[in-house]
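Hey, can you work out the whole structure from these sequences and the hints?
Numbering-wise (this note's numbering), the sequence shown opens with residue 20 and increments by one.
Check before you lean on any hint, since a few could be wrong.
With beta-carbon atoms standing in for the labels, derived distance ranges [claimed, not checked]:
1) D518 <-> T546: 20 to 28 Å
2) R588 <-> E131: 51 to 59 Å
3) P551 <-> E131: 21 to 29 Å
4) R470 <-> A351: 19 to 27 Å
5) T489 <-> L344: 17 to 25 Å
6) R407 <-> L344: 43 to 51 Å
7) L81 <-> L344: 47 to 55 Å
8) L344 <-> S587: 36 to 44 Å
9) E105 <-> P263: 17 to 25 Å
BS3-like, lysine-lysine: derived pairs with alpha carbons at most 27 Å apart [unchecked claim]:
10) K241 <-> K505
11) K82 <-> K432
12) K505 <-> K579
13) K90 <-> K579
14) K82 <-> K241
15) K324 <-> K90
What the hints contain is simulated information worked out from the structure, not anything from laboratory work. A virtual CB, placed ideally from N, CA and C, is assigned to each residue, including glycine.
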Amino acid sequence: MSAGGERGGERGRRPLRIGNASGFYGDRFDAMREMLTGGELDVLTGDYLAELTLLILGRDRLKDARLGYAKTFLRQLEENLALAHERGVRIVANAGGLNPGALADAVRELAERVGVPVRVAHVEGDSLPLPERALTANAYLGGGGIARCLGADADVVVTGRVTDAALVTGPAAWWFGWGPQEYDRLAGAVVAGHVLECGTQATGGNYAFFADVFDRSRERPKTRLGFPLAELHADGTAVITKHPGTAGRVDTGTVTAQLLYETGPPRYAGPDVTARLDTVRLTREGPDRVRISGVRGEAPPPTLKAGVTRVGGWRNEVVFVLTGLDVEAKAALVREQLEDALSAARSRPAEVRWELVRTDRPDADTQERASALLRLVVRDPDPANVGRVVSGAAIEGALGSIPGFHVTAPPGKGAPYGVFEAVYVNASEAEHVAVLPDGERVRVPHPAATRPLEPVREVAVPPPAPDGPTRRAPLGTVAGARSGDKGGDANVGVWVRSDEAWRWLAHTLTVERLRELLPETAALPVTRHVLPNLRAVNFVIEGLLGEGVASQARFDPQAKALGEWLRSRHIDIPEVLL
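Rendered as structure tokens:
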């Protein structure tokens with residue numbers, strides 16, 4: 020298998036073709052086969068570990084100590100291991116989760132069962148001592164262990180918690196023989212890895228201008244987007260593309276959107292290198308080809324990010340349906356009746372939240388379009404305080420409440436919710452180990468040179484556009500956005516597609532204006548980062564997501580649609596841009 024991947028000893032003398040077949044645990048199952056059959060590849064990666072995933076795997080491991088890894092990956096290999104062997108494609112995935120050694124053993128057993136001779140290695144050492152009440156604690160490792168495994172001729176490498184970009188920096192360092200202080204090259208690989216890590220988000224998925232990607236005029240439009248790949252060069256530059264004939268689009272817009280996803284300051288820190296996002300330059304090279312160049316890198320920080328998950332408490336939810344006339348008055352009565360019942364209970368839930376969602380329309384032609392939703396969410400450390408006390412209060416008054424009383428689903432007894440916390444530990448607290456195909460354990464040293472993170476000096480923006488007539492319109496008429504979660508914080512990156520629009524956006528979309536447009540952020544710390552090369556501003560909103568996605572603190576717990584809400588808000592836009 021290995022010799023085919025190197026094309027007869029060409030490794031390092033030509034670009035590395037590295038693709039992605041998974042952006043999260045649950046991504047499209049057939050993607051691995053599609054990537055292996057769609058065109059030439061040297062390495063195929065898979066990212067299975069979102070912040071929420073480790074909590075899920077932690078619960079699996081509590082039930083069975085042999086588990087703790089992404090089982091879907093094994094099923095994908097069962098169908099595709101022979102194909103990867105035939106084509107000489109090496110596979111690198113972080114599907115090992117909390118138990119990479121067990122997954123490596125399972126891959127060996129699978130290979131023997133299907134009769135495919137492969138060499139399997141894994142990377143471990145990310146697991147940290149558990150803080151009190153924690154379910155998991157894992158440091159984000161870099162790509163060094165992956166590079167060592169591939170250097171030992173591994174065909175399949177599985178890891179635990181590494182950074183998403185490490186799935187690319189590791190293979191790149193192996194392919195080109197980069198040293199640990201070749202910062203610009205490593206930073207280029209980090210940026211390419213960040214573009215690839217979320218799969219089809221780089222080829223038009225979750226894209227603000229989705230109508231440009233999905234051609235609905237065709238009788239049978241292609242809606243299953245192709246997954247991305249990078250042609251990575253020895254100098255760290257890369258071309259983002261996809262296999263020929265696959266659906267979707269790769270252009271500077273789709274790549275910009277993914278670059279802004281779940282990022283913060285321009286110094287994008289990782290265990291291998293700190294990449295300067297403010298130096299990234301994108302150039303369209305042709306249909307579905309975007310070159311990434313100019314990326315500068317710096318020594319990584321002396322600390323590693325680590326993720327800690329724990330059970331935060333218990334949660335219950337009831338959604339009341341309010342139909343027809345007098346929606347506000349109906350909501351007030353339901354809320355008053357429930358509040359009385361909860362206050363009369365032995366122990367009221369510690370947190371009670373109400374939200375009225377006006378999905379109703381006047382004179383509606385269906386009952387559903389005539390209905391609004393009143394959502395009740397309760398939380399408490401004690402499961403008894405969110406169970407029968409809530410479900411009983413919601414249902415027992417059903418015949419003595421508003422006309423048309425009903426709920427979307429019978430209330431249950433409540434369920435535990437998780438909490439994700441990002442902490443930072445000294446790099447020496449995690450022992451990065453590559454377990455090679457022959458079983459040898461090799462300790463991977465952390466970078467000897469480090470550099471503490473510092474804010475980037477505020478960059479100059481072009482002078483404002485001259486005054487002229489404006490028109491009130493949605494921001495999304497001229498601007499794209501991509502948003503996401505980083506623990507309890509959210510980010511929303513906003514970009515435009517022309518220099519003229521950039522002169523307007525850079526001076527208009529300030530922190531103060533963002534708070535006006537998104538009132539939920541008004542009382543929260545908000546920081547704006549300017550990325551002129553991308554014609555973009557990136558906002559980090561602290562605390563918007565409470566204790567992270569697993570805590571489900573808000574309607575959109577991962578802030579996936581925060582950018583689309585921002586784009587829908589009306590603002591005065593120069594008519595010349597419209």
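*asked:* I'd like to know which numbered hints this structure contradicts. Please list them from smallest to largest.
replied: Structure breaks hints 3, 4, 5, 6, 8, 10 and 14.
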